[in-house]
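With these hints in hand, go ahead and build the complete structure from the sequences.
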Amino acid sequence: MRAIGCYAFALLQTTGVSESGGAFGGGLLELLERSSLLSQAVLVILGLFSVISWAVILVKLRQFRRVDVQTARFSDVFRRSSKFSEVQSACQSLTHSPLAGVFQAGYVELNAQLRQGMQGQTERPVLRSFESLDRALLRASSIEVTKLERRVGFLATTASLTPFIGLFGTVWGIMNAFAGIGVAGSTNLAVVAPGIAEALIATAAGLFAAIPAVYFYNHLTQKLKEIASTMDDFAMEFLNITERNFS
Amino acid sequence: MVNEQSAARPAWRATDDEPMRGPLAISIGAHAVAIVIILFGPASWIGGLSGHVNAEPDVVMAIRLGGPEGPGEGGQTALGGRPIQEILTLEEARRPQWIQPPTPTPPQMTIPVPDARRRPEPETPVETTPDEARGRTPTRGPELLEGSTMADTGVEGIGIGLSGGGLGGSAGELSLANFCCPEYLSTMLQLIRRQWDSNQQVPGVSVVRFTIQRDGGVDAVAVDRSSGFLALDMSAQRAILMTSQLPPLPGAFTEPSLTVRLTFEYRR
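Heads up: the protein sequence lines correspond to chains X and B, in order.
Numbering follows this note's numbering, with no gaps: position 70 of the first sequence is 70.
Numbering follows this note's numbering, with no gaps: position 175 of the second sequence is 1175.
These are computed hints drawn from the structure, not numbers from a lab.
A virtual CB, placed ideally from N, CA and C, is assigned to each residue, including glycine.
Treat the hints with care, as some may be off.
Claimed, not checked - Label-pair ranges, simulated between beta-carbon atoms: (1) X:Val126 - B:Gly1022: 44 to 54 Å; (2) X:Gln222 - B:Gln1201: 49 to 59 Å; (3) X:Ser160 - B:Gln1201: 41 to 51 Å.
Stated by the list, open to error - Straight-line alpha carbon distances no greater than 25 Å define the calculated DMTMM-like cross-link-like pairs of lysine to aspartate or glutamate that follow: (4) X:Lys147 - B:Glu1018; (5) X:Lys225 - X:Asp134; (6) X:Lys225 - B:Glu1018; (7) X:Lys147 - X:Asp232; (8) X:Lys223 - X:Glu237; (9) X:Lys147 - X:Asp134; (10) X:Lys225 - X:Asp68; (11) X:Lys83 - X:Asp232; (12) X:Lys223 - B:Glu1018.
The following block contains the structure:
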């Protein structure tokens, strides 16, 4: 975060130097340069929100793409294998598939129960507690969902917070603009308009940060629901197979 | 029990967290590019807020717009552009000369001829108005009237004739580069002055640079030197932007475009 802040500050400094050099015309840069320190701070904060939210978006999109690919591969392996041990060995390479995580948790719990159940017996192994296996699957499913949900909340925070931060900057800028009107003693549009234009930049920046955050938050949340549903299906299927074979 | 807990969440899965550093660098880079484009990109990409002059034009001339109005706006002098008016020494007043009437000549007597015949008076035929001409307002025949057509007399003035002829020493900056046609500048400045609201109640000098294309279109309007007051700069820019269409550049001017640095001087 500190590195990003330094970067944004350096960028502002650079643009300021360029402007003072007189190589560029008026416009947005000039409005930014004339804006108050608070407005500039608001813009920097909104910039940080935007940068981090886009980084989160990129991370999560990449993560979910890997999840899709590896889940498809795991499902294929799971359906073709006749033994859980084969699936377990394939899971070592499928580190991003939540189904693999659920399967591993169930497999470990199953093995532990079977090992206890086989002590002193030579017959067919019998599962002692389906509830325990169900709890293990549920817990693994919850861990996987938590892992996939990590940082998605930041997008929701960005989506809901940045418009208000931008609005705050705008309100502050318009207050200053009206104060300027009072000082100038004129309601000429040429006096009023620049201050309002400067103030509205903050709202624009807030929306710039919020709109992609809203869109990708909804997209990722929908994706998470699908994955959670797939994990529930898989857990039930795992329980069914176990019940058929070990009861 | 401990083994079971760790088995439910294997260590290799728990530590499997997506790295943020790479996407963060990509995001920072993308934002930097977006900011650079918004701030320094062509004005047409993001709207009219950013006025950016791409390249240094070949022809740049500086005109100062300010001071009392010149003859183009009904001012009092036609010697626009001259920094200081010459001080005329008053000649000694001449005594008025009476206009002398011609010397009267004595009447000459003529002796009438007793048997002189009376000169016959020419008989003028009675003319009647043709039918098609009746009922119309009689005219007085062809006559000279003052028209509005401008005639090129070949006389060129010293300056552009808009600023105040040096009154107060304010209208002295004039750098026409190699521009050929002061009449065009006069027209241009008249059009711009019509759109310019010089009464901003704040004194200041704002220099705006813009480019006139061959067809008379105005673009690349940018503040070249700020007055320190955004309102003044915006007013000056607005005067030019609202003038958006000027007469086409004169044929004698061979460059494809003309870039002007126009100085707007505001007085309280």
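Do the hints match the structure? See the list:
| no. | hint | verdict |
| --- | --- | --- |
| 1 | X:Val126 - B:Gly1022: 44 to 54 Å | holds, 50 Å |
| 2 | X:Gln222 - B:Gln1201: 49 to 59 Å | holds, 57 Å |
| 3 | X:Ser160 - B:Gln1201: 41 to 51 Å | holds, 43 Å |
| 4 | X:Lys147 - B:Glu1018 | holds, 10 Å |
| 5 | X:Lys225 - X:Asp134 | holds, 20 Å |
| 6 | X:Lys225 - B:Glu1018 | holds, 20 Å |
| 7 | X:Lys147 - X:Asp232 | holds, 16 Å |
| 8 | X:Lys223 - X:Glu237 | holds, 21 Å |
| 9 | X:Lys147 - X:Asp134 | holds, 20 Å |
| 10 | X:Lys225 - X:Asp68 | holds, 13 Å |
| 11 | X:Lys83 - X:Asp232 | holds, 21 Å |
| 12 | X:Lys223 - B:Glu1018 | holds, 17 Å |
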